[in-house]
Structure formats: structure tokens, C-alpha cells
Amino acid sequence: MLGVDPDGDGEDDEDKDDESDDDGEDMEVIKDETDANLMNLRRMIYQTIMSSAGAEEAGHKLLSVVRPGQEVELCGMLVECCKQERASNARFYGQLGQRLCGVGRAYRAGFDACFARCYAAAHRMGTDELRAAAGLFAHLLAADAVPWRGVLGGVRITEEDPTSSSRIFMKVMFQEMVEQLGVRVLGRRMNDDDNPVVRDALFPRDKAENTRFAINFFMAIELGGVTEPARKILSL
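Numbered per UniProt numbering, the sequence shown spans residues 1 to 236.
Hints may contain errors.
As the list claims (entries may be wrong) - Each computed DSBU-like pair below joins lysine-lysine, with the alpha-carbon atoms no more than 30 Å apart:
id : residue 1 : residue 2
1  : K171      : K83
2  : K232      : K207
3  : K207      : K171
4  : K171      : K232
5  : K61       : K83
Unchecked claim - Have a look at the derived ranges for each label pair, beta carbon to beta carbon:
id : residue 1 : residue 2 : range
6  : E57       : V185      : 24 to 32 Å
7  : T163      : R91       : 49 to 57 Å
8  : S64       : D194      : 14 to 22 Å
9  : H60       : R167      : 31 to 39 Å
In short, the hints are calculated from the structure, not lab data. Beta carbons: idealized from backbone N, C-alpha and C, even for Gly.
Using the sequences and the hints given, assemble the complete structure.
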């Protein structure tokens, strides 16, 4: 009717099917290329870190090859490399991370996200991995390379919140930080009234039992000196 080929609709459907197949193949090719590019980037980052004599050299090399938009991947790879090595090498990775954070906000945000992932996945890490990662973030925090509010704001030290693994992570991190800052400076930073997000994360004030648990946690890891302001709150 009206000069329309009755078989025309079938041809159109076949064309659409062909186009759909082509689109699916194109998406697979793009995904394969993306995965390959990601693997190549990770390999390049790893080889650069392993072949560098020090953190300054590694930072210089990495910043010359990593493109904008790849900062988060670089931060993640640095943390993963650190976790696979001895905890004594955390200082090298901390210095390298500090060098990167000094370049721009994207790296600071990248390590912020990495800390959140490590803290949430602490129960999946072995003791050596926990110690290495904690040492890295201790250096970044002590050096003010990453914002305390962003990194520690998501932590909550109560009986219900942290797992036993995340408590080990926090224990090692704060013990490393006190070695670098001293108990007086560390205590002041942890209890800063101008930074209530950090203060209330580490010493929750919503319930007396939560405050007491946090105090006992830090006293148990021999950091009782940082608990004085919280103990005063309980005595009021």
C-alpha cells in the first residue's frame, strides 16, 4: 500500500540489529583499550617507583609522565606498593606522597579517598600491610600533606564503630605520628576546638560511654597524654 515494500520493515530491523551488534563490539573494544591503558599506567608507576633511588627522584619522574586525571590512580598505586613492602619503607612512600600532595589538590583528594578505602578494608589486610599503610598515612598527616578534617573526619572511635583490624591500623598510625610530632603537638591537633570534626571523630561527645571508650583506647596504646581535654569533659 502507498508504494511501501512489505519486506521493508524486516530490512530495517536487520539493519538495526547490525548497528546494535556494531555498538556492542565498539564498547568492548573501548573497554579493552581502557583496561589495557590502565594496566600500562600501573606498570609504569610501579617500575618508576622501583627504579628510583629516593622519593624526590621518584616524584620528579612520576610527575613528568602522569597526565591530568590520573592522579587518583597514582595515589592508589603508591598505597598498594607501600602495602606490599616492609613497614620500614613507609617513610619513603610517605615522603613521595608528601611530594605529590604539594603539587595540587587532586593528589590530596586522592590520598583522602585512599585512606577511607584502607580504613574500611582494614579487616582484609594482613598485619604487615596494615602497618605499612598506617605508616604512610601517619607521615602524610604529621607533615600536613593531607587535610586532617578530610582524612580523620570519617573515623569514629567507639566500641561499635571500628573493627579490631581498624583499631590496629589506628594504633600504628597514631604511634607513628607521636614519634614525629611529639605528644603535646599531637594532642593539641587531635583536640583542636577550631576543628571539631576531627576532635569529635576521635573523642565522640554524643555519649559519655563513647568518650570514655576513646579515652581508654588511646591510653591502652600509651598515648594517654592526648586524652586530657576529653577527660576534663567527663569530669564536668
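*Given hint K83 paired with K171 - CA-CA distance at most 30 Å*: Holds. K171 to K83 sits at ~17 Å (cutoff 30 Å).
*Confirm or reject the claim that H60 and R167 have a C-beta distance inside 31 to 39 Å.*
Roughly 37 Å apart at Cβ, these two residues keep to the hinted range, so it holds.
*Range hint compliance [Cβ, S64 to D194, 14 to 22 Å]*: Roughly 38 Å apart at Cβ, these two residues miss the hinted range, so it is violated.
_Just to be sure I understand the hint, the distance between the Cβ atoms of E57 and V185 should be within 24 to 32 Å; is that true here?_
holds (30 Å)
*Taking 30 Å as the top limit, are the C-alpha atoms of K232 and K207 close enough?*
holds (14 Å)
*Between K207 and K171, does the CA-CA distance stay at or below 30 Å?*
holds (22 Å)
*Hint says 49 to 57 Å; check whether the CB-CB distance for T163 and R91 agrees.*
violated (26 Å)
*asked:* Between the alpha carbons of K171 and K232, is the straight-line distance 30 Å or under?
replied: Judged against 30 Å, a Cα distance of about 23 Å means the pair holds.
*K61 and K83: Cα distance at most 30 Å?*
holds (21 Å)
Hint violations for this structure: numbers 7 and 8, all remaining hints satisfied.
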